[in-house]
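Asker: The residues making up each chain are set out below.
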Amino acid sequence: MRVAVLMPALNEGPTLTTTLGRIAAQANPDLAITVYLVDDGSQPAITVASPQKDCFRVVAARHRINLGQGAAIETARQLSLKTAGYDAYVTMDSDGQHDPADLPRFAGALQAGADVVFGSRFLGIDSRTMPAGRRLLLQAARRFERMLTGLALTDAHNGYRAFSERAIRSIVLRQDRMAHATEIKLRVAGQKDLVVREIPIEVQYTDESLKKGQSSLGAFAILRDLMHDYLFGGR
Amino acid sequence: MVTLYSLLLGLFVLGLLAWDYLAFRKHGGRYFMLELLALGVALPFVVVPSLSQSIASAAGVGRGVDVLIYPLLLWLVRDSFVARQKRWIDNQRLTELVRTLSIKEADPGSRK
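Read top to bottom, the protein sequences are chains A and B.
Just so you know, the first sequence maps onto residues 12 to 246 in our numbering.
Just so you know, the second sequence maps onto residues 3 to 114 in our numbering.
Treat the hints as calculated values from the structure; they're not laboratory data.
These numbers come from a predicted model, not from an experiment.
Mixed in with the good hints there might be a few duds.
[Claimed, not checked] Pairs of lysine-lysine residues, derived as DSSO-like cross-links and limited to a Cα-Cα distance of at most 30 Å, are as follows:
no. : chain 1 : residue 1 : chain 2 : residue 2
1   : B       : Lys106    : A       : Lys93
2   : A       : Lys93     : A       : Lys64
3   : A       : Lys64     : B       : Lys28
4   : A       : Lys203    : A       : Lys93
5   : B       : Lys88     : B       : Lys28
6   : B       : Lys106    : B       : Lys88
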């Protein structure tokens with residue numbers, strides 16, 4: 012299988028090298044991995060120390076200014092689609108929260124017939140390091156997204172997802188910042204013929220990732236951005 | 003009748019005009035002319051409040067000030083949405099520009 016990992020990064024230091032190393036460890040002749048790493052305007056620019064391994068490659072791009080995580084994922088998506096098709100397109104955070112050991116399970120779910128696979132922190136595996144406040148906020152966000160999209164998913168704003176080529180080609184992101192997570196679900200819900208699945212994953216929260224992650228007030232910015240797209244987006 | 007308040011307001015407007023003339027005389031002369039025109043239309047209503055009352059009575063509106071405030075409020079709300087739309091479009095264009103450069107300059111990495 013050929014897997015493209017779409018990875019936005021902002022001001023990541025040694026953590027990124029560790030994350031790339033962990034992804035490279037998953038690569039083998041049956042699972043060739045290309046990481047499309049988009050530096051979203053880091054200061055200073057990220058310099059990639061790519062692990063040298065067979066069946067593993069890092070394609071690096073850089074936004075000259077910071078645009079947001081959604082914009083970086085969209086850049087990675089467009090970059091990956093310039094190459095001949097992959098069997099799986101996986102979005103993954105660069106800060107080590109997502110476990111690359113889950114990559115084969117995502118790829119397997121696509122191989123089994125799914126078009127879109129969402130990782131879920133609430134499907135049996137307990138993300139023990141998740142702060143209680145975030146747990147409550149995510150449950151509220153999940154209900155809001157379900158109301159908006161009609162998709163009965165157990166998690167919200169989880170950045171670990173996988174797409175078939177058919178699905179990724181149809182999901183063009185216009186939300187530059189954090190609202191892209193809801194936008195992805197809206198696009199998926201808009202195509203009734205896509206097969207959607209969820210698989211359980213564990214997310215590792217560290218002090219560093221929590222510091223860089225979304226604040227609770229970010230929920231208001233997401234609502235504002237969704238409203239702007241609804242009013243001005245024209246689709 | 004010219005009151006002390008309307009006189010002070012008139013002086014305030016003239017002060018604003020002088021300030022903006024200095025600020026916009028080199029770049030934005032046309033904007034200054036537009037501002038001058040808008041204030042020129044508004045000034046008589048500020049200095050002689052009974053003028054707006056006369057118009058309000060003729061138009062069948064209760065208070066003179068309502069004749070000015072209602073359209074102004076509508077215009078401000080509309081202008082706020084127009085500005086937001088323009089900013090949204092500009093952001094989309096900026097994103098496209100940055101993305102195009104980024105993809106063009108991407109490092110394809112070494113294939114093993």
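Asker: Which hint numbers does the structure go against, in order from smallest to largest?
Answerer: 3
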